[in-house]
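**Student:** Turn these sequences into a full structure, and let the hints guide you.
Protein chains in written order, with this note's numbering: chain H, 425 to 898; chain G, 175 to 676.
Derived from the structure by calculation, the hints contain no laboratory data. Among the hints, a few may not be true.
[As the list claims (entries may be wrong)] Each pair of labels, with its calculated beta carbon distance range:
1. G/A530 x H/D564: 54 to 60 Å
2. H/G496 x G/P529: 51 to 57 Å
3. G/G519 x H/S526: 24 to 30 Å
4. G/G527 x H/A611: 42 to 48 Å
5. G/G493 x H/D505: 25 to 31 Å
6. G/T263 x H/D505: 56 to 62 Å
7. G/G519 x H/A872: 46 to 52 Å
8. H/A611 x G/R536: 29 to 35 Å
9. H/A600 x G/G493: 49 to 55 Å
10. G/G493 x H/G875: 29 to 35 Å
11. H/D766 x G/G612: 45 to 51 Å
12. G/A530 x H/S526: 32 to 38 Å
13. H/A493 x G/A214: 38 to 44 Å
14. G/P473 x H/P577: 38 to 44 Å
What you are looking at is a predicted structure, and each value in this text was computed from that prediction instead of being measured. C-beta atoms are modelled at their ideal positions from N, C-alpha and C, and glycine is treated no differently.
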Amino acid sequence: MRRALLLAASAALLSTTPEPADAAGRRPYGGALTLPARDVSGVLDPHRASDPGQRLQASLAHCRLFRRAPGGAPVPELARDAGRWSGRTLTLTVRDGATFHSGAPITAADVARSLTRLGQPRVGAPLRAAFAAMAFEAVDPTTLRVTAPPGAPRDAVLHLLSRDEAAVLRDGRPGAGRGCGPYAPGASDARGLTLEAFAGHPLGRPFVDRVQLRLAPRPTDEVEAFVFGDLDLSLLTSPRYRKARRAAAGPRATVFAVMHPRHRGAEGRDLRRAIAKLAADARLQRHVDWRAEPASGPWPAALAPGDRAMAPPTAVPSLPSLTVAYPAGDAALEELGRALRDTLGPLAVTSSGVRTRAIGVPGLTRDGAVQARAPEWDLALVVHPWTATAPWEAALEAAEAFAIPGLTPAAAMTTSPAGKARDWARTVATDALLVPILHLALPLHARADLGLALPEAPTGLPELPDAFTPPAGR
Amino acid sequence: MSDRPLGSTRRLVAALAAAAAVASGPVAAQPPLAPAVLPADLATLPFPVAPPSSTATLAEHLARGLAPAALSGAYALDVTVTGAPGRATPARLAAFAADTLEAALRRHHPDLGARLAPDAPAPLRVDLAIAVDAAQLSATLRAVSRPATLWEHLRAPAGHVVATAFAAAPIDLELRTLLGLGPRIARLDRFRLVPLAARPGDAAPAGPVLDLLVDDLDGDGVPELLTLHPTEVLAATWAGPSGFGPPRARASLLHLPPNPARVRHPVGRLAVLVRRDGTRALVAASSDRARAVALRLTPAGLEPLDASPAAAGAPLPDGAWPLYAAGVDTLVTGPWPAGRDALDGPAALTTLGGPAPAPLARLTPAWDLRAWPLHGTLSPSWTPVLAAAHLDGQLRLRSAAHPDQALSLSGHGAASALVDLDADGTPELLATSTALDGPDALTLMTLGRDGAAPQVLWRGRSPAPVTAIAAGDVDRDGYDELVLASWDGAAARLAILAPVAR
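**Tutor:** In structure tokens:
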């Protein structure tokens, strides 16, 4: 009988290793990851997360209604499905059985309160105005009704709900046990905070058991820790460590020169255009360590809501002096600031010679530059990491980050990339007190012997809840 | 090569061969074999018991069909067989069918008297007409009450019909043996993996296909394709070259309590149970929920087996994750996935709605453990195979034919299927690959016979990761096909793998 012969020969080990395998097996669980943290504010209050590190923390410790697939499309996380869209109302059902880290069930009321808080001015969320333009109402314990601004499409609403900072908190307030992310905060000490895998996450327990947030308040702390192998990943642009490997392109960012308000008007417009042209001609990307390209407009190509090119100056202005400010202690921006100073020499010529200078300003931030808190400079170099993944979102983000008036959330969500948002984008390129210098792809450094597969999120940050340790030999 | 006409699957395969993305690979011999160790759990887990044969199923359905009319007294049974091929031995089938039917009739009609010769003057005459066609047997049963009095003789000399029943069943190996048809010879030299078109008008269920089964769940002679999604079970039937039709039934799992510790990539399990009354039930478990549900397929749809509020359609005890059916109303179960999707914990023998599960061996940590129903060819031998995809990357098999031995294969993924595509008694194994992302490399091999090393029959590639594989005769051509479900992160798709010609 042939069957009898079949497995008579089958007390055997047969190796039938397939072709170079690039298919889907099941992912093993286990392992740990250590990340740098300037602070743990992204864990404590995700609604305020604005820089890449905080956003990464928010995505670890907090859940939201939707997350973003690698291609950028929102996919349900706490929401059971994509919901029902009618008119300008999106009705969503909260996934049953979902709980906060404390074990308390997540209700639609928690979601409504959380998203309402994002729109409150005192919170200072990155897209505050967009959330303020929407209304969130719990119809029953599991049903949430989202009312969008008139004309806003469903995709734009889902996009906003999938942002890292759109976290759901118990009662809409931050606090211990009030999160519902894939990792729950555990032990903390002076060195940092441990996040433990949370099996109650709506999408299931993450593969990596533990994420350690190691405090590195200063960039030099992070560089040192990374060089000595105490960190698995580094978001800093500085580490020049030859054994590091780049795990992902990292988030997009743009270096802006924020002009002092005294340079408003027609003369200031020519000055900004002249600076942009000189900067573009000078190939300043030579002065940064990471992938960069000259910025012809305020937005990177994939995020531009309209015409992004700045026009050439009608006349080259002449100034008695020009001061370039950069954040003191930031080596990368210092080098770039000095290079920009040398590049702008033709703009500031007096009988006594060139009067341009570059100065380090302690505590110089984007918000500080926009509010012109240090009047002794003419332009301040700041880096703006983009959180947007769509042009309309980038338009709103720029409007809020640099306090540029004239764009309402409804207009951005409704008409981009054409119409009002496009006109507004053209105005920004012409009149805003902003000179885009370089568009960057911030690097994400990974330890060379890091045995983790790191899927990449559309924001350029790693999708750590989906990271896993491939089995040996794969 | 079979002398039977081309089945619809083969016509589909032939028609779409040019468009198929995957070409046949070369047949390759494998390296010499070395001894393998049988893991403790595989060595002791029970094999499934043999399912009822087609003859027994046919007789059961006929007897149950007559049941409303209570038969009593002595009866004469006459069996006729028509349509059998020239070389067949219909008399042998007729005799066996008569005995099987008598046993079934006595279960459902306890007042039935002695069975008399076909031409005996019994007060009750039972006529069984069996028609043999390409791939199935259909049977008609007539119960005729003969005239007992002069007046009845004058009024109705031929008697009057008191009950009828009709049933059909596929021609299985037992029937082939009874008919003397012998084994079929089919070719496994060229294969095609044919993607099936999306079903028009079908509301896409959420999430990937966690498990697949091909089974005639409602006993109507038409096998259903049963697909399990994280929160839904669907049943569809083959609709010709276009693939499967829209779901004829669907059952939501959302009424079951949610799993408080979901796994990141949901897993699921479908198992078909044979009930004490001969009907079939589907047990479905999704790692998104905390309990399994048992369903039956009726004309009204997929319904909970026990709809009472207490049972809530989930007669399995909490924490019992179905692995495979081991007997009537009995399942081998493992631990319910909680946060992790590997099977790691004690197995148990669990009876549907029965007492506490009986503990079995502790499972060696595995991604998957299944029992594949297989028959030999020359007789209706039942030699199921247990297959475990262990975490160390080994796919280990244990056959009922040689329960103290194991076959171990390396380099394959969690999804696999054993099937006898050419019905020659030697199973073929379709295995996925072990890599973790991107397209899935598929390997089809015959597991070897006459002491020869297994041979790779075909290598192919699925554009998206394969999440589940089922084997069954979806198009009712008498041969099994393989149905594959894949998931690209956004949509679940089905494909069918079959030889180009058999």
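**Student:** The structure should be examined with respect to each hint, and the outcome stated for every one.
**Tutor:** Evaluated hints:
The supplied range of 54 to 60 Å is broken by G/A530 and H/D564, whose beta-carbon atoms lie about 38 Å from each other. In this structure the hint that H/G496 and G/P529 lie 51 to 57 Å apart at CB holds, the actual value being about 53 Å. For G/G519 paired with H/S526, a C-beta distance near 28 Å keeps the hint of 24 to 30 Å intact. Distance hint for G/G527 and H/A611: a CB-CB separation of about 46 Å, consistent with the stated range 42 to 48 Å.
Between G/G493 and H/D505 the beta carbon distance is about 28 Å. The supplied range of 25 to 31 Å therefore holds. At roughly 58 Å, the beta-carbon separation of G/T263 and H/D505 lies within the given 56 to 62 Å, and the hint holds. A hinted range of 46 to 52 Å for the beta carbons of G/G519 and H/A872 is inconsistent with their spacing of about 38 Å. Distance hint check: the CB atoms of H/A611 and G/R536 are about 33 Å apart, consistent with the given range 29 to 35 Å.
The given range of 49 to 55 Å is broken by H/A600 and G/G493, whose C-beta atoms sit roughly 31 Å from each other. Between G/G493 and H/G875, the C-beta spacing of about 33 Å keeps the proposed range 29 to 35 Å intact. Taken as a hint, the range 45 to 51 Å holds for the pair H/D766 and G/G612, whose Cβ atoms sit roughly 48 Å apart. Distance hint check: the CB atoms of G/A530 and H/S526 are about 34 Å apart, consistent with the given range 32 to 38 Å.
For H/A493 and G/A214, the Cβ-Cβ distance of about 42 Å falls inside the hinted range of 38 to 44 Å, so the restraint holds. The hint said 38 to 44 Å for the Cβ distance between G/P473 and H/P577, and at roughly 43 Å that hint holds.
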